[in-house]
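Participant: Chains as they are written, first to last, in our numbering: chain E, 1 to 101; chain L, 1 to 101; chain R, 1 to 101; chain U, 1 to 324; chain H, 1 to 324; chain D, 1 to 324.
Do not take every clue at face value.
To be verified - With a cut-off of at most 25 angstroms between alpha-carbon atoms, the simulated DSS-like pairs for lysine-lysine come out as follows: (1) LYS54/R - LYS164/U; (2) LYS54/E - LYS98/E; (3) LYS69/R - LYS98/R; (4) LYS54/R - LYS194/D; (5) LYS164/U - LYS69/L; (6) LYS54/R - LYS54/L; (7) LYS54/L - LYS98/L; (8) LYS194/H - LYS194/D; (9) LYS33/U - LYS164/H; (10) LYS164/H - LYS54/L; (11) LYS54/E - LYS194/H; (12) LYS54/E - LYS54/R.
If you are wondering where the hints come from, they were derived from the structure by calculation, not from laboratory data.
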Amino acid sequence: MELTTVKLVTIIAEAVLEERILHDLRQLGARGYTIGTVQGEGTRGVHASEWEGKSLRIETLVPPEVAEKILQHLAAVYFPHFAVVAYVMDVQVVRGAKFGV
Amino acid sequence: MELTTVKLVTIIAEAVLEERILHDLRQLGARGYTIGTVQGEGTRGVHASEWEGKSLRIETLVPPEVAEKILQHLAAVYFPHFAVVAYVMDVQVVRGAKFGV
Amino acid sequence: MELTTVKLVTIIAEAVLEERILHDLRQLGARGYTIGTVQGEGTRGVHASEWEGKSLRIETLVPPEVAEKILQHLAAVYFPHFAVVAYVMDVQVVRGAKFGV
Amino acid sequence: MTILELVQINLLSPMVLAFALGITATLLHSDLKLPDELYTTLSIYLLLAIGLKGGIALAETSLAVFWAPAVATLLLGIIIPVIAYGVARKIGKLNVADAAALAAHYGSVSAVTFAAAQTFLDTVGVRYEGFMPALVAILEVPAIVVALLIAQVAGAPQGGDWRKALRELLTSKSILLLVGGMIIGWLAGPRGGKEVAPVFVDLFKGALTFFLLELGMVAARRFRDLPSAGLFLLGFGIIMPIFNGLLGIWFGSISGLSLGGSTILGVLAASASYIAAPAAVRIALPQANPGFYLTAALGITFPFNLAIGLPLYYTIASWIVGGH
Amino acid sequence: MTILELVQINLLSPMVLAFALGITATLLHSDLKLPDELYTTLSIYLLLAIGLKGGIALAETSLAVFWAPAVATLLLGIIIPVIAYGVARKIGKLNVADAAALAAHYGSVSAVTFAAAQTFLDTVGVRYEGFMPALVAILEVPAIVVALLIAQVAGAPQGGDWRKALRELLTSKSILLLVGGMIIGWLAGPRGGKEVAPVFVDLFKGALTFFLLELGMVAARRFRDLPSAGLFLLGFGIIMPIFNGLLGIWFGSISGLSLGGSTILGVLAASASYIAAPAAVRIALPQANPGFYLTAALGITFPFNLAIGLPLYYTIASWIVGGH
Amino acid sequence: MTILELVQINLLSPMVLAFALGITATLLHSDLKLPDELYTTLSIYLLLAIGLKGGIALAETSLAVFWAPAVATLLLGIIIPVIAYGVARKIGKLNVADAAALAAHYGSVSAVTFAAAQTFLDTVGVRYEGFMPALVAILEVPAIVVALLIAQVAGAPQGGDWRKALRELLTSKSILLLVGGMIIGWLAGPRGGKEVAPVFVDLFKGALTFFLLELGMVAARRFRDLPSAGLFLLGFGIIMPIFNGLLGIWFGSISGLSLGGSTILGVLAASASYIAAPAAVRIALPQANPGFYLTAALGITFPFNLAIGLPLYYTIASWIVGGH
Ligand SMILES: Nc1ncnc2c1ncn2[C@@H]1O[C@H](COP(=O)(O)O)[C@@H](O)[C@H]1O
Ligand SMILES: Nc1ncnc2c1ncn2[C@@H]1O[C@H](COP(=O)(O)O)[C@@H](O)[C@H]1O
Ligand SMILES: Nc1ncnc2c1ncn2[C@@H]1O[C@H](COP(=O)(O)O)[C@@H](O)[C@H]1O
Ligand code: NA
Ligand code: NA
Ligand code: NA
């Protein structure tokens, strides 16, 4: 079975950003996403999500160039003021074309 | 500390498939799984999970040959009609034998 | 965009261990964590989480030496009696310093 | 009361208004979101409460009174999916799977529409047989089975697992709670029922109001699929329930049901399932497009029945069964 | 009754005691944890119930009685954030964003404090106008808008999206449920309201008790930020509500509200928002420190108002409006 | 009433029938699943409601009446785990950890079994002391401490953290809610209690019914472990509660409790904990097998007590305390 390597970008973000980040992902070329709810703690103090609702864990499978763009965008727009963490890794999928590769 | 490399297969699937996929995983040689609930959007339109219940995010740590079989099986049985996405990656664990490696 | 490689340690643990494991992570040098709730099955039989509450899926982004210490600690303290599974992988992040790298 | 007055009474009930509020919330892109767990809890509660009350009533019903409406209901569950399938194939030009999926949904029944009908009749002051929940249970399953059989016979391309679907259908939560609730009510009787009445009776309408708030949001999300659904589906979603409603009222009246009972059997026939049917169809006919049947059942027929259907079927029943 | 007796009555109410239990649970590091979904459900329920009852009352209120309190409330929503901003900047030496964020929270209103005030007055046996929930709705939004405008004018560093914040504010769940509930109550009237009263009226105080248990835990988690918040915030969180409360009572009395109504308008003015305001501020002024405004609103002002504020404002109102 | 009539009344109560429905759902592999959050919410509600009612009653109880039952209960909490441990070691040949774990569970108490006993006695029309919830609180902790001490002394292999377990036990949610609810009820008194009665009193039996539906599903999942549990556990799970029940009734009668009160103290002694004990044991004795103690407490003893135990203990109490 032939597998294709794509990038999996995972984003942890306060819930208030849900709509905005999903909108950004679509704009930047992601063809899908999966969201779970999580709680967490980091170096920043309290954030809005801490008392109402949880944080989000957003995963999106994308081609490398889209992953790069997503990280750049997050770093520029959200990292300064919001509790957002993101990381990227390589994963193998069956149908690379589905994710734009 | 000696670590062993095993495959982590992650499956995003509509909730209605829970029992069937878990059954398949066991059949194909997985010795355990972890399930979370998620929501998502992809290239397919609405799926049954969209209005009742959420989707599932199933993770299973398996030897490479089992990972390969799982992907093949999912691609053959579920990809055509169901909203199912799967990807695989390498991870390191302490007790490889626990996962069949 | 320059990315740094850090370790992502994922721990699946029964809910009763939440406070203890988070405390341990902080002690061992992790600067943050993200928790989701999951359910699962493994080789061990029933565990306390099975009937009340779910299990936890804890993720922490840490430098390699911290990842190693975490795995060692989990293996020594929790693996014998508790339903705990852990795995580690490489991921890329934008701000390595945030995670102690 | 004229039909306009009835429609007005219905539209101004807290339940229908809550449904409208749910629609509004979605159309305004509000951040209002009811927890999934609340939705699940309310649906379990409503099914159990409906069953419970039905069971208590059933204990006081003689078989002589019950058998004819029961048989009429069973017949509806066989006839309606056949007709619906024919309409979807011939007029709608749908493929076998999509047509059978629609047939399953429209042949089966929506417990919430039933609950709304009860509440509507209570408000208007019309009596109905206490055993109606038993008819809900009778109508829920057969139509789905018939529709899946049709798909099988008509040679829908394989891919589903209809044996599994049937097994899961019979043990699905809506059947289990409805039938289980009825057995509990039947065994516990009025005395036992009174103990739990503060939860299962007094809170019913309020819980229904909450549930309809959520369903309004769900229905409105389906609205965005309406353009792509096409004219046929829009027509089907309104004319099919009216036709089925007529059939139900007629079957009710000849099987001896009261005006209220016939109205409710009409509502049952007119309603489209959105709990049991989607789950069974997804497994047995995965190639059928959920965007299609969910949009029809939830986006068109449910709002239509709730807003216009209830007073309409009651008016029609008044003509057929005779004034009250 | 003396103020001490009033404080005692208030502190020994199940609601306030549940709040104290929540605080205790957190301070003892208990594993007690209310599901998030329960919290969300209760907040939806409370807002809808408040709106519903207000709408029913509003239907029976003449505009002649209502307009003056409505205008007074609107004025409060404009004046308070301006004063609060000035205080935070001049005395607290806060930066523009933090000061504007505080202004938004203290100008807006806490629906739960309102509910607690109603319950307190019910217990003490003091009447108030039925249309008070409409004033909650009127007071909720303007102050937030004013505060964001101030930040804009005062040149808070960019980064937020305040147009988006405004749009989301107007469709936010608290506004939607409050106003939506009022419209439902207004349209359905007393008859429709009676149908859902077992849920939306009878369960109100019990639900509030549960909610306050959770809020106690939330407030106590904010306590640990108190040391770093500094003396100014502590003073602000207690003196600002007293000042605002006085203003509200005074505005209430000159706009013709009864003793009970003036007390409640005082409570509204004194209360700090912790649902609508934090969400709007987080989007429009992300550089403002949530540890600051959440700690003030939830960790200081809410407990103060709940425990001491309610009897205090009532006593003050008795002096201003005259005994009952 | 004969014991058979009592068993029948008990088995046909909505609560026990709901438990049976839950078992059925699991055995049929139904997709019925109550949200975890509902389970958590109901357990919080039940504990708080039990405490609240107990606290109100306690406020009206003189120490002269209360001290003897309190001491008797405390003694039960020390004696039962010692006996249970001995039985498990000597007859069951269990290892130290498993035996101590069982002792902790059977010495402690199940609040839901207590609630079911109250409801059963209400239905049969037997009065009992209002302060019984205080005895639940007294019985909950000591047995767990005693059992953990035994394990410590008997030299269970290390691995757990029993200091931590003890600390968490005393602040665990079941203790906190029970004791906290009692204090609230005691302080708020009958007047405050009346305000929240629609939630904490009227809904109690319905909520219990819902909870037992869920517990039925949980218990049935434990059934599959029964074969591997072995004959000893089956016997232990039925004979131990009967023995403990006798002890409790006897202690109750000599400490001056009424027939109803003695029955309830018997039920408390007979019941096995499944909230506080499992959490504490998991931390202090991680090497004990949860499949063992959970199966015994939830899969055997709880259903036995609920279905047969309640009427049985009442009948025995009638003999010992004298007819009513
Ligand atoms: N080292 C880390 N590992 C895993 N998740 C983290 C880490 N640091 C932060 N997070 C997540 O990102 C959120 C925001 O972090 P921060 O901006 O550092 O407060 C936290 O609530 C966590 O969910
Ligand atoms: N590119 C993607 N990245 C992450 N998750 C995806 C992606 N595409 C699809 N998914 C997930 O898979 C589910 C089904 O996708 P689809 O079959 O494309 O509709 C979606 O609901 C998402 O949860
Ligand atoms: N092979 C596996 N893949 C993924 N998760 C696993 C695996 N084995 C165990 N787990 C998770 O770890 C928990 C404890 O496993 P165990 O200790 O094997 O009973 C399970 O409940 C699962 O959530
Ligand atoms: Na139908
Ligand atoms: Na205010
Ligand atoms: Na016991």
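Participant: Let me make sure I understand: some of the numbered hints might not hold for this structure. Which ones are they, in numerical order?
Facilitator: 1, 2, 4, 7, 10, 11
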